[in-house]
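**Q** Here is what each chain is made of, one letter per residue.
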Amino acid sequence: MNASVILDRRKVLAGGGALIVSFSLTSAFAQDQGAPAPPAPKPPGSLATAPYLDSWIRIDADNTITIFTGKAELGQGFKTAFQQIAAEELDVAFDALKVVTADTKLTANEGYTAGSNSMHNSGVAIQNAAAQVRALLIAEAAKRLAVAADDLRTENGGVIAQDGRRLSYGELVAENMLHVQAQPVSDLKDPATFKVMGQSIPRVDIPAKVTGGAAYVQDLRMPGMAHARVVRPPSYGAQLTDCDAVVIEQMPGVVKVVRDGNFLAVVAEKEFQAIRAMQALAANAKWQESARLPKQDDLPAALMALPSQDKTIFEKNDTSVSGSKTIEATYTRPYQSHGSIGPSCAVAQFVDGAMTVWSHTQGVYPDRAAIAEMLRMPAASIRLIHVEGSGCYGHNGADDAAADAALIAHALPGRPVRVQWMREQEHAWEPFGPAMVTKLKASLDNGGKVADWQFEVWSNTHSMRPGGAGAMLAAQHMAQSIKPPEPKPLPLPEGGGDRNAIPIYKFPNARVVHHFIPDMPVRISAMRALGAYHNVFSIESFMDELALLANTDPVAFRLKHLDDPRGRDVIEKAAKEFGWQRGQQAPPNRGYGFAFARYKNLAAYCAIASEVEVNRETGRARLVRAVAAVDSGQIVSPDGLTNQIEGAIVQSTSWTLYEAVTFDDTRITSIDWQTYPILRFDAVPDRIDVHIINRPGKPFLGSGETGQGPAAASLANAIANATGKRLRNLPLTRKRIKDAIDA
Amino acid sequence: MTTLKVNGRDHQVDAEPDTPLLYVLRDDLKLNAAKFGCGLGQCGSCTVIVDGKAVLSCVTPLVLLEGKQVTTLEGLGNVSAPAPIQRAFIEEQAAQCGYCIAGMMMRAQALLQRVRHPTDEQIRAELGPHLCRCGTHMRIIRAVKRAAQLMDTAALAPTNQGIAR
Amino acid sequence: MKKSGIIGGVVAVLLVGGAAAAFAIAWRPPIAAIEPAAKRSFDPAEVKRGRELAALGNCNSCHTVRGGKNFAGGLPVPTPFGTVFSSNITPDPETGIGRWPEEAFRRAMRAGVDREGRHLYPTFPYDHFTNVSDDDDRALYAFLMTREAVRVSAKQNQLSFPFDHRVMIAGWKLLFLHAGAYKPDTSKSAEWNRGAYLVEGLAHCGACHTPRNALGAEQTTASFAGGDVDNWRAYPINAESPAPVPWDADALYTYLRDGFQPDHGTARGPMAEVVSNLSAVPAGDVRAIATYMADVFGAPSPVRKLQGETVLAQAKQNAAPPPESEGGKIYAAACAGCHDSGRPPPYGGIHLGLSTAISAGDPRNLANIVLSGVAPVEGERSPIMPGFAVSMNDRELAALLGYLRLRFSRQPAWSDLERTIAEARRTQTAYVQNSAGPTNAPADPAQRDKP
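Protein chains in written order, with the numbering used here: chain P, 1 to 743; chain R, 1 to 165; chain X, 1 to 451.
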């Protein structure tokens, strides 16, 4: 990670002559003379917004191939997956390429690495770009070798003629040859011939991570780098009334105290000196706080009392069908924390009017824009480079740490400044996953099928990005503060609080209402799966309650209402592999539960069957085993996908059994692992089995978030099966289970 | 100036005696493996080995390390010559974001040095102080067991002619 | 604790009482076994009451072992006479008490005899449970009989001769068991009596907190003057309490109910299980226990009261002398981050000036905690303290403990710290290894301390 290397994506080390290919997107759709050409269909994925092939692929004269993605490696294995895709379509060995990730100077703007869209946006773009680059190379070789393109094949980074003549890609490529716009359609490889895609290739980032190589933004070290710590306010809206910076600046190693309004930070030569100075500064700083947080004990009521914008997002009527038996239920979710293991970190350097920031932000372009706005600088003077952090699972403190580093570096021109958040700061200040309430009501007809379905969800927005500078703490706290932006609901079909609120099942009568709550008493933003976690938890719990009412097996009940054949496949697969039997009886103190969802109703399908053990004396629930089936379209890396689903199940189990942000009337009180416990090894299940249904040739479906909702509901359904009691308020704590059993 | 013995070498360290070992390793010695996760002894990301036993380096100040041998992940092996524990974690692909993994590996290494064939129960109990937010637990357990097997193979190698380690 | 004393005692009984009398004492008739009662035959209200009583009596703490099923026994209890294993008290007909009629259960509680007529070792504290009323025995019986039956055979006790012969217990009982339910003291309040009934009975506080004689019985003349459990010190909870800040009824109530009290600290070690159970019983019962025990502690003398106030005032100040000694440097580096941070218990380390462990005569508890730390309760908000067994050697630990004693107490220095620490390290207390641990974490403070 050498900061001084300047790379310009347009500079290609040319081989021989230049090949200029002129390219017209409309030529494939020739129209009558005089008639206006229809708008050209866009190339797929992110190629639509970044159509030049050399935005994605660079080939050097020595055959070095570099792939550029605007997405970030978050620990999902994307760097490796993209390398696989490109290697496959370019017909080179996997090791012959390397991937450069999100960097405002080098890569296309692909927004955020979020929403399980990376395969769909970037993976597709790379796949198509690689295929088209290969086509261009073959065309060039055809010219040079004076043969038909059809008589050529590619292998291992070279184009080979039938008579054995070979030209390497490096020899073929010329200046600007790849500076052409992508076609809307590519000649993609037949999945049956895949050599690399669909294989479990060992991840390229793991070796460094297990041998102490530099792998994270936390590992960045630069000559002259100083260490900074922020002294955050003790609560939202706290005003700094007094602090003695002078005495702090006399502490060993301290370079500077930065105070800008309510933004307070200290910079020192050595890291521990910065920590000591931060502690001393925090002790002498005086703040004026205000009690503005809702009552934690009565959060659902507090939420629903806030003004909301109500919208019916789905409606279906069939008056010929009506129900006879009706049930209703309310489900609640508290604020929950990303809980990244490595608190946020960033490095920034301000030299000669140019700012460089190294950050684990999920979106380098939006973050750059926000920092530009905060510093009142032109965006073009700022470069944001993504460097991996620990898993973020959404919008955690990363963007804020980047802003902190930029603001401090701005006050200390020349020196690289490293800001590391403390554990307590990450826990208290990250934007949480929003608290939610859902109310469901449904009736069954005489045949035991759902006749009528009503679903209402109350929630804040699930994303404060892009938010401009106002979404970042440093900008909010500085003297010339920038207000947080107005929250807006994320539009469907993706949705935010209403993600997966529309059921995938076919009900004759249905109505889904989204109560969007703009007021955010507690800081929130996007957390893995967004509203889908709670909405799927609610829907799938309620489906079980209805199945019980209909005296029908839960799996059979779902199949009765589901048309989607791929959905049916994952349900049947998970049930079969689990050993699900109609009329089954779990052993004493154990229960079986099932759940299914298609993430966003358009991404990956996931069904999970769980076995849970409940200790009736203590109420403790333990996941014994989980069996998942997942369909994410064309598989790139089976092991990568399995890893994600296993992880989603374990993480969701932790959310579902343990997790709730706590606060009193003024401060967040869950500020470390004592006060925000998450799953430890004593609660890990005996086994998790993931069964993948591969769909060769089908579009990639985002899978990073598909397991969260089904894992939660599957667990809740298993607990209900084990205890005979239905719990609807997350988290399903030991005490709540015990009280339900004792009641 | 303090002398600190890390991965078999003596280092002269210019840090206050109350500096936690974690910052000496990362800031003074520029080693990456031991990570800052909480600084409170609650998550295990900072785990290294001192005199053969796993310790939380974030709550172990320099003043306690006089005359003791510190081993970090870097001291076990590298990419071209990985130790059994490192090979095992690569072979099992036992990482998602990977941030917690170095600490896990050091704890596991210390365990395997004491108990060559730990049961699942023992591994889970031993890793109790460690948090993994990505949910990679199943693979981590498998990797520890695989490391035990690899250590067995490595131990056998000298007696087998011509079998490379 | 001398073997010869006990043998002597039994011999004395045999000689004094004569053979017939001795036989009458030593032998108890079996009570006929019954078919295990159907769970639904028990009144739910009775079962609920029994659950509360079982929590008060801490049945699960001895009768459930880590990794084992509830009430299935198997916990090793080290005694000076060898190791006794707790029995299976689930209603399993073969390995538990499923075939016991209520009369047999009551006899076990009242007189320490099992259904077949064998004497039970007083490790099962029937010298306290004898105080439990018939009604409460009935409720406990209803509770236990409706638990899940677990088929697990009792582990063999490891007792040396002659203690492995149960007949020895007859003599012990003759000398030390005052059988019979508790009788109220009419000169005291109802709440005091309720507290006395619970403390002397089910809660069996004296079983840990009262010193024992050579024959292993509580010294009734030194009630609550401090005892030993495993390698832990159960502090004196009478006028000899070493707590820097004297206990009163309110503080006791908070401590027992919530698991911590800001001026005294968080209950850890074996006491953690006690407070975990007490958090689930009716508040009135805990209040009664606190009332009675406050009386046992007695009102502090004016001097002691003033000392307590001084300590509290000092704890609130931030002034810390720069550490000079090795122990001081270790404290500043490894402990002060939590213990001098001002973050209140239970999540902040207690200010050590308030710590009983540091002011007590016996350093073992402090050694145990510093060595093994405090582990989190699964899935619950609960304190976590790292253990220093590995990062500190005995010499360093002794330096640290010596410094803590010097700086944070007004008591004379402990002697022989290195040996105490080595012993604590070696013993690896049975509690730490085998106990299932507390289920409930210390209660969440409803209101943080506002600045």
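FYI, nobody ran anything at the bench for these hints, they're computed from the structure. Hints may contain errors.
[As the list claims (entries may be wrong)] Sample of chain X residues facing chain P (criterion: CB under 8 Å; computed from the structure):
#	residue
1	GLY373
2	PRO376
3	GLU380
Each residue gets a CB set at the ideal place from its N, CA and C atoms; glycine is no exception.
**Q** Each hint needs a verdict: does it hold in this structure or not?
**A** Results for each hint:
| no. | hint | result |
| --- | --- | --- |
| 1 | GLY373 | violated (12 Å) |
| 2 | PRO376 | holds (6 Å) |
| 3 | GLU380 | holds (6 Å) |
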